[in-house]
Structure formats: structure tokens, C-alpha cells
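So the sequences go chain by chain: R and W.
Per our numbering, the first sequence starts with residue -19, numbered consecutively.
Per our numbering, the second sequence starts with residue 3, numbered consecutively.
Source of the hints: derived by calculation from the structure; they are not laboratory data.
These figures come from a predicted structure and were not determined experimentally.
Please note that the accuracy of each hint is not assured.
A partial selection of chain W residues facing chain R, derived with a Cβ cut-off under 8 Å [what the hints assert, rightly or not]: (1) Tyr62; (2) Asp188; (3) Glu192; (4) Thr193; (5) Thr250; (6) Lys254; (7) Phe257; (8) Pro269; (9) Phe285; (10) Pro287.
Glycine residues also receive a C-beta, built at the ideal position from the N, C-alpha and C atoms.
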Amino acid sequence: MRAALVLVVLGLACVPVAAADPPSPGVTHVKVPAGTPAVAWGAQLFGANCVTCHGPNGEGILAPVRGVGDQTGLGPSLVGVGARAADFYLRTGYMPLDDPYSQPHRSRVLFSQGELAALVAYVASLGPGPGVPSPHPERGNLADGQESFTEHCAGCHQIVAEGGYVTNAVAPPLNKASPVEIAEAVRTGPYLMPRFSEKQITDAELDSVIRYVIYTKHPDDRGGWALGHLGPVPEGLVTWFIGIVLLVATCMVIGRRFHA
Amino acid sequence: MTRWVIALLVLVLGRFRRRPRLDSEARIVPAGTPDRRAENVVLLLFACATLCAAASLFVYAWDAIPNQTQFLGLALGLAFAFVSAACIVIGRRLVVTEELEEDYGTTHPEEEEALDQLVAEGGDRFTRKRLLIVAGAGAGTAIGAALLAPVASLGPVFDVSSLYRTPWRRGVRLVDEAGRVFLADDVEEETFYTAYPEHADREQMGAPLVVVRFKPAELQLPEGRAMWAPDGIVAYSKICTHAGCAITLYRKPTFAPVEPKPALICPCHYSTFDATKGGEVLFGPAGRPLPQLPLAIDGSGELRAAGNFSGAVGPSWWGVRNHGPRS
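All chains, please: the whole structure from these sequences, using the hints.
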């Protein structure tokens, strides 16, 4: 009798808990009739997936708000960011983000191409902003690109774009970045990355930088074994292992063992 | 191997030690014939080691030598190689060796005595023991001095004025990598720039700057620096105050409520400096803030220095906290 009562109480307690479970990871797809304008479709997708953090009209939520299912709502305004930022964050899978406090990282894109275009069109419609850039890496110069990359990018992204760290964040490797994504990132400055305007890196220089980043995906390893392009640490380790074998061999030659 | 170590030990310690051997007792190690030629070789090798170590001291001290680093490594490496060659000759040609089947390392006093005797007799073949010891000690001293020499490079201790000598003084214009003059209007927020003094040697420690722009309200500069950041543009030395690497990382938040605040970061050991607070250290091994350079915008909108840095530029030498001049 008592056990049954406990069960009933537990069951009652569990109902609201179950209802408050955070939404399962993934995105909500919205079915729209054929011929719906992209902006209208995008608005529906935005309402289903983005409002918790970016606010109902993309105006941003500047102080943490408990949203649906205990999801914390907190995010920047998207008014005026334009198609450029929206395209970058969505195409790389940076958004949607599970937790507004974590660093967005490249992940599987859960929206279809059509949905992506609709969302980008909607965000672009929120206010006048920059469009998606169209870089021409084939017009760039590889050597100039390396020079610019060394000056502006390699500090964080490493000289062959293997990625690295800044305090409190990760500078991602660029091996999966497409030319358009690179151009968008340079001009937008996602997360902690600085934003480089045309005054600092001209479009022509940017073409060269992109050409160099594409080159780093399969660099010409003149030294032979690249050891992950990680620089002196693995190279030193390998040298050490070769060196220790040589030292042991020398000791054995000096010693009596071979002369007994 | 163990035997050579013992042999070397006896070379050094043997002089101070009375032999425990009684005359009547039989020798354990057969007396070997002295080998003066091998001794000459050892003396020569020790002399070479001493010379090489002295040469490395010389290379270290004289900056004008081309490929200084390579020669330094070569000289020091050769010194070690000669010492090891000398040890090999001593081990193979001069120390009398005796094969023993039993283990060492027992605690019986008698056996210990026998071991002492064994060690003492091992050095019996030397005819010029004192000379060899002097040669070995000379090589050791020279190498030790060569290894300690870099301590002298740890910067000035008493007269620290050299740490404040930079090409920056009131009126010097800021130029970029290509030598173009910086216009205040061209400096944008959310990014960073490297600047150099116009018409000055860029290789000097005090030359390179990192320039960033904030909204004037975002700046919380230390007292007395209110005028140092015209239009919110601040400039710091690009050289980290920890180990002297170039500050090549700048992080700026896209959405301030959830992201770390803007900071200049050194890629070597991640010293992190708050650019809005006069270069204050936020994280990492750096022990003092980045030196800030006061800026001014002239009538034609060009950026100029308004004086010298707020502190000593470059890595933290041991005299860096002794107060130096401000010009």
C-alpha cells in the first residue's frame, strides 16, 4: 500500500520533469508549400530553431533567459549582420549551438541546402548588411598569400593552418574550410577571431590568402615525413629516438661486450 | 661501465684517500705496465677539450662572428666529445681491468676493503697521476665556465637605462610593415595592427608595436594615461614581457556576454594581456604588464608617438624592476 503510494507520488513528480526535458539535439524542419518565398520559409525555420537565443525578431537576448525546456537563451543580435555571417555560421555547422556559453565548432550541418538558403535570406532581411563574398583564389598568388597568412593568420591558426589555441578558446584547423567560408571568416571575425576589413586585407590579398590556405591542405613536404605539420616538438621527439639508439650503440661499441 | 665510473672516481678522490691496503696482502689486480703513450693521448685530449670549451666562451662573447650559434654548438659539442674520448682511452688503455665473477655491492666489511683495494690498484698504472688530474680538472672547469657563461646575458642588474632606450619619442610617426604612415581613421576596431617607428631600425627590441582600437568608453587605462589613447587607439610594445616573443594573437569577442574579453596573447607561453587596462596581465607566466606607448593624432590625422613607453621593453631581465629613467 505504502509502496504504491510512493510510486504514485514519484510518477506525479516525474510528469513535469519529463515535460521540461531539454529538446533533443537536432533541428526542427518546417514543411512549407512549394512556392513559399525564401524569406517567409526562413522566418518559420528561425522561429522553430533560433528564437530561444536570438530573440523573436533576431534582435538578440543580452542577458540569460530561461527558455523552453530549461534551455538558456542568450545570443547576439542578428540585425545588420547580413547574409555573410549567417551563411558562415550555418554552412560550417557552427549554429545551432547546444549551449550559448560554449565555443561554436564545425559540425554536421542539419539543415538541407534549401533550408540554409531560406534562413540566410531571412537573416539578411533583418537589416542591411554585407552579402556572401565571392572570392577568386585562382587569381591569387601563392607566395603573397603565404606572406599575408604569416602576418595576419598564422599566429593563431599555425603556419600550415593546423589550428591552435588562444587562451580560453581554440583556433580551428582550416583543412575543411572552403574558399567562401575563409572569405566570410576573414571579413566577419567569428567568435574570438579579429575582423579584417578591406583596408587591412584587400580583396586581392584575400584571394592570395585563400589560395595559400587551399595549398596547406596538401602542402609540398620537401622534408619528406611531415609528422603532422606540428613543428619542432614531434621532430625533436623523432630526433631524440634516433639519437638515443645511436648513443646506446656507441656505448656498446666502447664497451667490452663486443671484444670478449 | 661501472668500472670506468669507479676508475674516474678514484682519479679524483684517490689523492685524498689513504689506501686501506696492507703491504703484506696480496694484490687482487695484477700490476700493469705503465703506458706513457696512452697517457700522452689522454693529456692531449683533455687539452683539446679545454681549448674547445674556451673557444665556445669566446664565440659566445663575440657577437660579430657569422653563424655564431652553429659555431657555439660545434665548439661545445667538440669539448664534450674530447672529454668522452679521453675517458674511453683511460678506460680501455690505462685502468687495469680485472674480470670478477661475483657481484659487487655486498655489505661485508672485508669485501668492502677488497673492493677499495681493487679500485686503488686499478689506478696503479698511472705514472703522472697529478698531471692527468690537473688536465681533467682543467677541461671540467673550462666546460663548466662555458655552460655558465650565458648567465652573464641575463640583462643589466644595476644600470637598467639600456632597457628604456627605444626609437620612440614624441613626434615619431607610426608606419606599417610596408612603410605606410598610419592614419587614425584607418585603424578599425575588432582587429589589430603591427606598427614600427618611421626611419628607425625595426630589429630593435623597442621598435615593434601592436595597435588596437576600442570605443573610448571601453578603456580603463591606469591613472595618468587618460591622454594616451586618442579616439580609443592604444599601442603596446609587441614584445612579450615574459620571454620576449612577438605578440601575434589577438582575441576579440563577437558577443561579449558569453565570450572572453579582448586580449593580446603571446603564442609562446600564452601570456594574456588586457589591452583595455594598460596591458595588465590576465593569464600566463608574464610578470608585468605590456609597456604602453602614449599616442597622439596630429593635425593631418596621422598617428604619432607622444613619448616613450610606460616601462622597460622586452623580456624580464633580473634588473627590470629596478626603476629606470622615463624620457
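Evaluated hints:
Evaluation of the tyrosine 62 of chain W hint against chain R yields a violated restraint, the C-beta minimum of about 23 Å exceeding 8 Å. Below 8 Å, beta-carbon pairs count as interface contacts, and aspartate 188 of chain W has one with chain R at about 6 Å; its hint therefore holds. Of the supplied interface hints, the one on glutamate 192 of chain W holds, with its beta-carbon coming within about 5 Å of a beta-carbon of chain R, less than 8 Å. Using the Cβ-Cβ criterion of 8 Å, the hint placing threonine 193 of chain W at the interface with chain R is satisfied: the shortest such distance is roughly 4 Å.
About 3 Å separates the beta-carbon of threonine 250 of chain W from the nearest beta-carbon of chain R, less than 8 Å, and the hint is met. Interface restraint check for lysine 254 of chain W: the shortest CB-CB distance to chain R comes to about 6 Å, inside 8 Å, so the restraint holds. With 8 Å as the threshold, the beta carbon of phenylalanine 257 of chain W comes within range of chain R, its nearest partner Cβ sitting at about 4 Å, so the hint holds. Interface hint status for proline 269 of chain W: upheld, as the beta-carbon distance to the closest one in chain R is roughly 6 Å, under 8 Å.
For phenylalanine 285 of chain W, the interface hint holds, the least distance from its beta-carbon to any beta-carbon of chain R being 5 Å, beneath 8 Å. Evaluation of the proline 287 of chain W hint against chain R yields a violated restraint, the C-beta minimum of about 12 Å exceeding 8 Å.
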